[in-house]
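**Q** Chain by chain, the residues:
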Amino acid sequence: MSTATEETALNALRGALGDEWVTEASATDRVGASRPKWVVHADGTERASTALRIAAEHGMSVVPRGGGSKLDRGESPERVDLLLDLSAADEVVEHAAGDLVVRAEAGTPLREVQRTVAEAGQQLSLEDPHPTATLGGVIATRSAGPCRYLHGGVRDLIIGITVVCADGTVASSGGKVVKNVAGYDLGKLFTGSYGTLGVVTEAIFRLHPLAEERRWVAVTLPDPRAAAEAARLFRVSRAMPTAVELDRPAGRAPITVCAELEGRSGVTGERAAELARSLGEELGRTCEVSGTAPEWWGRLPGEPGASAGIRMASRPSELVELLEGAGRVEDETGVALPLRGSAGLGVLDGGVPAGSSDESVAALVEGVRARAAALDGYTTVSWAPESVKRLVDVWGPVPSGALTLMRRTKDQFDPERRLAPGRFVGGL
Amino acid sequence: MESTEPAPPTREGTGADLDGCVELLRKLLPEESLITDRQRVRTYECDGLASYRTVPAAVVLPESTEQVRSAVAACSEHGVPFVARGSGTGLSAGALPRADGVLIVISKMRRILELDIANERAVVEPGVINLDVTKAAEPYGYYFAPDPSSQQVCSVGGNVAENSGGAHCLKYGFTTNHVLAVQVVTADGELVELGGAVHEAPGYDLLGSFIGSEGTLGVVTSITVRLLRSPESVRTLLAGFPSTDEAGAAVSAIIAAGVTPAAVEMMDALSITAAEQAVRCGYPEGAGAVLIVELDGPHPEVERTFTEVWQHCDGHGAFEIRTAADETERALIWKGRKSAFAAVGRISRDYIVQDGVIPRTALPEVLRRIAELSAESGVRVANVFHAGDGNLHPLVLFDGSEPGAAERAEEVSGAILELCVEQGGSITGEHGVGADKVRYMGRMFTAEDLDVMQCVRCAFDPGGLCNPGKVFPTPRLCGETPGRRRGVHPLTEAGLAEQF
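For the protein sequence lines, the chains are A and B, in the order given.
The first sequence begins at 1 in the numbering used here and counts up one residue at a time.
The second sequence begins at 1001 in the numbering used here and counts up one residue at a time.
Please note that a few of the clues may not be correct.
Unchecked claim - Quick list of in silico lysine to any residue cross-link-like pairs, SDA-like style, CA-CA up to 20 angstroms: (1) B:Lys1171 / A:Arg53; (2) B:Lys1171 / A:Met240; (3) B:Lys1171 / A:Ala96; (4) B:Lys1108 / B:Arg1069; (5) B:Lys1335 / A:Ala211; (6) B:Lys1171 / B:Phe1306; (7) B:Lys1171 / B:Lys1108; (8) B:Lys1171 / B:Arg1069; (9) B:Lys1171 / A:Arg264; (10) B:Lys1171 / A:Arg238; (11) A:Lys37 / A:Arg53; (12) B:Lys1171 / A:Leu150; (13) B:Lys1135 / A:Arg238; (14) B:Lys1027 / A:Met240.
As the list claims (entries may be wrong) - Pair by pair, the computed Cβ-Cβ distance ranges are: (15) A:Ala370 / B:Ile1112: 29 to 37 angstroms; (16) B:Asp1326 / A:Gly298: 38 to 46 angstroms; (17) A:Arg115 / B:Ala1371: 39 to 47 angstroms; (18) B:Gly1015 / A:Asp19: 51 to 59 angstroms; (19) A:Glu7 / B:Thr1446: 33 to 41 angstroms; (20) A:Val93 / B:Ala1257: 22 to 30 angstroms; (21) A:Glu7 / B:Arg1369: 56 to 64 angstroms; (22) A:Ser387 / B:Ala1257: 51 to 59 angstroms.
For the record, the hints were derived by calculation from the structure and aren't laboratory data.
Heads up, the beta-carbon is just placed ideally off N, CA and C, and yes, glycines get one too.
One chain only, chain B, in its complex shape:
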């Protein structure tokens, strides 16, 4: 796939003085925190979605909140756009740099500042790796619930930007449900705390709109996360079904029975094949679909519901059901699922990881239509997904060396997203819109919806310097809200009406 440079948005860059900005950055930051050498900045030309590449004008590697403030203040003063980046594991080009801008890489800010077990929370710098929060809390019997598949490498700051979830969202919610406060450097270089140490403080829930804003509202410098008590009991089951239809019916039966599993994951035949080849996870032979169901909570509750789940799988055509007797067996069950994305690389030279959401009950129809799309186009699609909450991750396979193959894969990938929107779903469940899905936002939201969302952007970043060109198709200029007027109303001015 070709490199893509998104068209520069309308506003940012106006009156930008990149040289002046870099000069100021040199004054404000230690030498080793600023990279302008063309070869060295190239390292940061893309994030996890490598099909989009842009070499940033400069890279800043701050080690403290003050250095982030300095970097943002320099950009603000000189009208230069900036993009924040964590570990760079994002899959929607959300941290794609700007050729005319500064990339602020927060990966050096990786200290756990406070572990407040008495209040079941931790304060961390944004570059802290997701799994490291759990590792720090584990000795006290706590963990951090949001667990994207990339949790061994992704940063908590990235999780906040993308509101990325993982397998356990169905029961425990998303990153947004586990963040109590963030310290943010806004586009004008001010340091502001959103949310707080105490629950339900009065005021607008700016934290709620900030989380998942994909870096368009400011740069996070510290995060207060909620820690959950480690469950007393965890049970994991793997069931092999003849096809995704039976597996889907089993999931429906589990949900209808009032069971809320900690995770319900499904893989179809092609993704099972890929995982087998890559990691030899030993999934049931001949399975058209496997389900992984995990339950956690108080011991008696888990034991009781585990029996129910087993019965639902058995009653809906599972030809093999395995349960994990210990942590090693549990890890083996999860191994295939967690490595599925990478494993597909074994059976296909190139692939697109799509991220769409549908109402869970639409699963059978959507899977059928994906199969039809695949058959019609000759493009193979492997399905790996969070079956409990309808978050699909179709892997669209192609060979980039074959002329036209990438384009055909793109088409199928886009058609799957259309399908999600048509079913009342979403174009992204956890990977974000970034630069990659900007063009689909208009399919999901009306122009009015997007305009009103821009009110939030204008409150935080009136100059449009913060990660411009992401999430929203053509952001209006702040102060030009369509349908919203300022100053004296024309009727009043004409003497036809008075304001009262």
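Chain A with its partners taken away, still in its complex shape:
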């Protein structure tokens, strides 16, 4: 790499975008172990397209950033020349309340989207534990909270998307109507792709009415078997819970299983009381009904203070094996692992307490991974210090047939591997 080349690239960027849109990167702009050279700010699709076109012309690698809350997710990219900061692309472009649809730029904070649509009594049924999370980041990392149990995740709510490809080409798929089957669904493909296929600059989501009333029905049980049974009963009830979550503080601690109900004022409480009564009878326990969510609801386990986050999953019916397996690995490694997550979907997050050695965290991941794999499930490292990532594969194995297609997909969208190279599964 020559300084002259860098200067040529920098001049091209500044010339096309304006000096104020290109800055030197600082230590806080780090992406994992990589420190970018420059931060390019984009206030929308056009500027992002220009930045990517120039980056392509100069062979620069690019990682997009919104609020930065999940920039450390995934493996460290092999190289990052430009950090493409989209936080200035923060407009809710259109809220068609009558059509239950919202269109917003990728850098718009999720909170802002929620605030806007709530004015018309609506909600985007996505939750993110990070207050600074932006729409683009939520899409890229497929982040969603408890209510994905009923409403589905990001992929199920996204109906249109605008992306900028590695060479600066701008493309859209879907649109602003809920029912639409014209063309390939790029919105789903880009959901959870961690910035490795292109840069999302705008998205359109379907909305739901904001519930008039919410109730939480919770029961605390002594062991995984009883907790898994409670989760099953919540699932099969006809109360239509929005979420079925679980919280196990650490080790052999009692497990709380809690379902959320949403609906019209007056009748949701009635539904919750009935659910608590019938479940209590079946479990031989008292189920509590509350008008407020438990304090742990929708927050990552072990936080604040956790040094690493992991996610494990199995089929919902194998929740008990997943919980027991995690317990055994805790015993083997001596690392406590508070667990929380969607018991209804069979997806749990774990928070590794601060102070655990890198080796023990790696051993914990490998141990849980082996047990989840035996259940056809998976374990991923949500976030961890670089020193841990060096010891363990963040993503774990992906079935070879699907991985081959994923590689071919990456080759098509980003043939030069310049978009967050190496950040995603299988080194993509």
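Position chain B relative to chain A; hints supplied.
**A** Same frame as chain A, but now just chain B:
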């Protein structure tokens, strides 16, 4: 309408050896699974959209995943295009065969492989009929939500190909929201699983782009579908309004009040007349529009919102409101709607079933403009649609024996689609693009949009053998991505820049 043979796309067929392919198919498949007799293959010359007809060179009727692999592998080896077909109920010529290709008919693959009630899912072969999934799950208190109007005959594999929805999409989403995994034979004959048994597994969401790809990315051999708990309570209401304006206003009021019905269907005067003549559904006499609203969910919730819906209909001019007291009455309410397409055959010798989508709030304007188009052209249009999600199904009526009538109907039908795109909608909500709407894709998407979508096609099917000529107007050749370069950049080559 005349038979149409779409122009052969640019790439496929290059170096194709049809005779060699058929010879190999004979070796790989049991005798009864391969049809080459000209008269017998003619049975498969079209799907539900009979105005497009092409006789396939050969038809394969596999009974297993392995036989599908053999069929695709033979096509791949000899460069022969292939098209997969389920029950053939598609209405956009998505399963239209190729004269130079093989048609793979999966209707013999109709076993429900697993009913996993503990995990609320079922694994089915692609030829399983949509309604049969619900029938199998019903005794356990579950059902399969996607319910196209053709659910008694359409296959789940076809639903996956078309991402076809039905009346309950507004609340419950589309096929894509109810499929957890598919096993696919890709164009090179490999068997791959997309999605999986466990939620939110890492990796690109290839399943998401596969569903609704209209058979252009591979042939499905098994499908894992999500089953939903049967609702505790279902209430259905039929309301008669003087015109579609009042009915539309009632729908707006229902949505604005935060109610999400399981279904909201609307029919206009002409479609009501047709349905009455055909099935005597007894809809309110003199109605300019009827609304069918169905609510489902937990009992107290349904009762409460049902009252609200009744009030909104009453407050917006409904002159008659009926509620279904039992399953028989509910079926009667739905009878007219479900038979509407066929019923139109009673009042018109020929008709085109159009499938466009608009933002729901544009409904009054779009209906007015459809009426204007109809008046100007003298072509009658009956409107039957999913009012909750803006999915229109205008039925454009004509008499094929009258010179020029089919062309005029085509024009009106196309103008309605233009109207949908102009309003920010879509050219298809559930029937697909197929061969029929290829020419409209460019109105909805830019050349760049379509090129980028082709990246997906090239990843799955670089040879362009899988259902070619459908969905996309003029697919580029893989490796010729416009604006996307490979190898050393010219600036680098010229010594003007370095890659870093």
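**Q** Given the proposed pairing of lysine 1171 (chain B) with phenylalanine 1306 (chain B), does the C-alpha separation stay at or below 20 angstroms?
**A** 15 angstroms, holds
**Q** Between lysine 1171 (chain B) and lysine 1108 (chain B), does the CA-CA distance stay at or below 20 angstroms?
**A** Given that 20 angstroms is the threshold and the Cα spacing comes to 32 angstroms, the pair is violated.
**Q** For the range 38 to 46 angstroms, tell me whether the beta carbons of aspartate 1326 (chain B) and glycine 298 (chain A) fit it or not.
**A** Holds, since aspartate 1326 (chain B) and glycine 298 (chain A) (Cβ atoms, about 42 angstroms apart) stay within the stated range.
**Q** Between lysine 1135 (chain B) and arginine 238 (chain A), does the CA-CA distance stay at or below 20 angstroms?
**A** 19 angstroms, holds
**Q** Just tell me: holds or violated, for the beta carbon distance of glutamate 7 (chain A) and threonine 1446 (chain B) against 33 to 41 angstroms?
**A** The hint (33 to 41 angstroms, Cβ to Cβ) holds, given that glutamate 7 (chain A) and threonine 1446 (chain B) are roughly 35 angstroms apart.
**Q** When you check the alpha-carbon spacing of lysine 1171 (chain B) and arginine 264 (chain A), does it fall within 20 angstroms?
**A** 16 angstroms, holds
**Q** Starting from the range 29 to 37 angstroms, see whether the pair alanine 370 (chain A) and isoleucine 1112 (chain B) falls in it by beta-carbon distance.
**A** For alanine 370 (chain A) and isoleucine 1112 (chain B) the Cβ distance comes to about 33 angstroms; the hint holds.
**Q** With respect to the beta-carbon atoms only, verify the hint that valine 93 (chain A) and alanine 1257 (chain B) lie 22 to 30 angstroms apart.
**A** The hint (22 to 30 angstroms, Cβ to Cβ) holds, given that valine 93 (chain A) and alanine 1257 (chain B) are roughly 26 angstroms apart.
**Q** Given the hinted pair lysine 1027 (chain B) and methionine 240 (chain A), is their Cα-Cα distance within 20 angstroms?
**A** 53 angstroms, violated
**Q** Against the 20 angstroms threshold, does the CA-CA distance of lysine 1171 (chain B) and arginine 1069 (chain B) hold or violate the hint?
**A** 37 angstroms, violated
**Q** Quick one, are lysine 1335 (chain B) and alanine 211 (chain A) close enough, alpha carbons at most 20 angstroms?
**A** 33 angstroms, violated
**Q** Taking only the CA atoms, is the gap from lysine 1171 (chain B) to arginine 53 (chain A) under or equal to 20 angstroms?
**A** 41 angstroms, violated
Checked against the numbered hints given earlier, the structure breaks hints 1, 5, 7, 8 and 14 and satisfies all the rest.
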